[in-house]
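Asks: The primary structure of each chain is shown beneath.
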Amino acid sequence: MVLVVVEHAGGLVDELSLQAIAFARELAAGEPLDALLVGAGARDAAAQLGAHGVATAHVAEDERLDAFAPGAWARCVTEVVDRARPSAVVAAGSNRGNEVLAHVATRLDLPFAANCTAVGGDGAGGSSLDVTRMRWGGSLLEEARVHASLPLLSVAPYAVAAAPVNGAGAPAVEPFAPALEPADLAVQVAEHVEAVQSGVSLAEAKVVVSGGRGVGSADGFGMLEELAGLLDAAVGCSRVVTSAGWRPHTDQVGQTGTKVSPDLYIACGISGATQHIAGCKGAKKILAINSDVEAPILNNADYAVIGDLTEIVPAITAELRKARST
Amino acid sequence: MKVLVCVKRVPLTGGKMVLTEDEQALETRHLGFTISPHEECGVEEAVRIVEQHGGETTVLALGPPEAEEQIRDCMAIGADRGILLVTDGEEWDPQATAGAIVAAIADDDYDLIVFGNESADAGNYQVGIRVAHALGRPVVTGLKGLSIEDRRARCEQEVPGGRDVYVVPLPAVVTVLEGINLPRYPSVPAKLRARRKPVEQVTPQRPEPRLERLRLVVPAGHGKRAEILGEGPDAAPAVVDVMRELGVA
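Taken in sequence, the protein lines are chains A and B.
Here the first sequence stands for residues 1 to 326, numbered as in this note's numbering.
Here the second sequence stands for residues 1 to 249, numbered as in this note's numbering.
Calculated directly from the structure, the hints in this document are not laboratory data.
Be aware that one or more of the hints could be misleading.
[To be verified] Okay, derived cross-link-like pairs now, DSS-like style, lysine-lysine, Cα gap no bigger than 25 angstroms in a straight line:
(1) A:K285 / B:K16
(2) A:K284 / A:K259
(3) A:K206 / A:K322
(4) B:K224 / A:K285
(5) A:K281 / B:K16
(6) A:K284 / B:K224
(7) A:K285 / A:K206
(8) B:K191 / B:K2
(9) A:K284 / B:K16
[What the hints assert, rightly or not] Computed Cβ-Cβ distance ranges for the label pairs, DEER-style:
(10) A:V293 / B:G221: 37 to 47 angstroms
(11) A:S217 / B:V167: 34 to 44 angstroms
(12) A:A323 / B:T20: 45 to 55 angstroms
(13) B:F33 / A:S217: 24 to 34 angstroms
(14) A:V165 / B:A220: 20 to 30 angstroms
(15) A:A195 / B:R193: 35 to 45 angstroms
[Unchecked claim] In silico negatives: residues of chain B with every beta carbon more than 10 angstroms from chain A:
(16) M1
(17) H30
(18) V50
(19) E51
(20) G54
(21) R193
From the three backbone atoms N, C-alpha and C, an ideal C-beta is built for every residue, glycine too.
Please put together the full structure from these sequences, using the hints given.
Replies: In structure tokens, the structure reads:
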């Protein structure tokens, strides 16, 4: 049996967890698939998992689990491991998925391979398992061997597509009350502060107009904002720009910033360092506006305009206005 | 406040990933080195905490002898002392790394230990958690906000729709994300002072890896060059045509 740690909110299973389930099914290779769900709404979320091939859902029930506590989640995982003896434990390569599996790994003194994209041919059950995992935010892959009888793996976001199965009913639900110790709850969300949402969110925008060093100054972003306004787009930037203090870090696209997946990503004066590409390669199309025809961004873009962006960007804005007025 | 920041020497990769012939490492002969972006912010955060509350910041790195450069860079930002766990350049897996850090600091009573949320290169997301567990301390990860008051750390995480707040007593371990602050640029006098600060060296023994790197692979890329729509502002109509084709104009 392979165990998947499933995240959910408002009674719905997270997309990244559905991807982790698809990955785990591949790993299980016919063995049963179990899920662990923790916290409020777990039973509602569990009911959706049959359609993804989960046979049994272990549901941890205790009102102290309603607010996220990584140590308490780890306790739930180790209890199911002790009781049900899985051959591997899989979670989404989300913030919480990686965090919980790291806690499980240290409690059980096991290795943990984060952000896997594939498993090798051997499958689970032996004393080691070969995996492919992401390094450098996915700019490089690593084939690695996990030396453990119980491999702990997280699944890189969007490396695997969620894959519903036909004709499966709801999974058997096995509720349990974990034996939580005070130390398991020492780190727990104490408060949630709502964000004030303004404008189009970078992560969800259909178009992103992004600027790099070539924009030249904080003021230079004015023309990018103007174009973005016409396209209902979000404004992004490269790491150079945030390091210079021209834009806030919340605008940064890249390995250590936001990962975007718009229909069109317009990269203005961005050279195309791997750390930046790691954040924008999810775009359907990339348009590069750059003065340097040799810039690495041109190897990652679909379209390019060569020249001075301070002339090109306003010209595109004017052309769009003209096209709309006729 | 005694604050420890753990950093890792990593190459500045530029625009392309090129591997060594044996596919065991990046070809770094023509590359500079730095530390992970999250860790740069970790050093800045530690220095700010010590500026505010008094105390001392120590920077620790596990890496080849050359990693002393990165420790000196952190000292130019304001760290006071350095610890270099010297390796032969071979990568250590996260369990071994955490073990070596714990062995090196177990006798020191740091109030706060700061890590980057994950290293820029290996991205294992676990060394800070392993160190915290071994020391029996609380750990909060992925911070975008941190403040210390009355021996308690208020830790803020960005989550969908807002921020989650955790409050933990010191001593504690935190892992931070880029954006928690905007790191300062070191001044020339600060760089000169950094040369004279103490760096203690320890040479730990590397255990057999349990997460073993077999080989590195450059992922199949885009595989084509961009279609040039034109040069200068005259290309604007072609750009708008493309936007219409994509249904975004």
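Asks: All the hints need checking, so say for each whether the structure fits it.
Replies: Hint check:
{"no.": "1", "hint": "A:K285 / B:K16", "verdict": "holds (20 angstroms)"}
{"no.": "2", "hint": "A:K284 / A:K259", "verdict": "holds (13 angstroms)"}
{"no.": "3", "hint": "A:K206 / A:K322", "verdict": "holds (22 angstroms)"}
{"no.": "4", "hint": "B:K224 / A:K285", "verdict": "holds (13 angstroms)"}
{"no.": "5", "hint": "A:K281 / B:K16", "verdict": "holds (14 angstroms)"}
{"no.": "6", "hint": "A:K284 / B:K224", "verdict": "holds (14 angstroms)"}
{"no.": "7", "hint": "A:K285 / A:K206", "verdict": "holds (11 angstroms)"}
{"no.": "8", "hint": "B:K191 / B:K2", "verdict": "holds (22 angstroms)"}
{"no.": "9", "hint": "A:K284 / B:K16", "verdict": "holds (21 angstroms)"}
{"no.": "10", "hint": "A:V293 / B:G221: 37 to 47 angstroms", "verdict": "violated (18 angstroms)"}
{"no.": "11", "hint": "A:S217 / B:V167: 34 to 44 angstroms", "verdict": "holds (40 angstroms)"}
{"no.": "12", "hint": "A:A323 / B:T20: 45 to 55 angstroms", "verdict": "holds (51 angstroms)"}
{"no.": "13", "hint": "B:F33 / A:S217: 24 to 34 angstroms", "verdict": "holds (29 angstroms)"}
{"no.": "14", "hint": "A:V165 / B:A220: 20 to 30 angstroms", "verdict": "holds (29 angstroms)"}
{"no.": "15", "hint": "A:A195 / B:R193: 35 to 45 angstroms", "verdict": "holds (40 angstroms)"}
{"no.": "16", "hint": "M1", "verdict": "holds (20 angstroms)"}
{"no.": "17", "hint": "H30", "verdict": "holds (14 angstroms)"}
{"no.": "18", "hint": "V50", "verdict": "holds (22 angstroms)"}
{"no.": "19", "hint": "E51", "verdict": "holds (19 angstroms)"}
{"no.": "20", "hint": "G54", "verdict": "holds (26 angstroms)"}
{"no.": "21", "hint": "R193", "verdict": "holds (23 angstroms)"}
Hint violations for this structure: number 10 only, all remaining hints satisfied.
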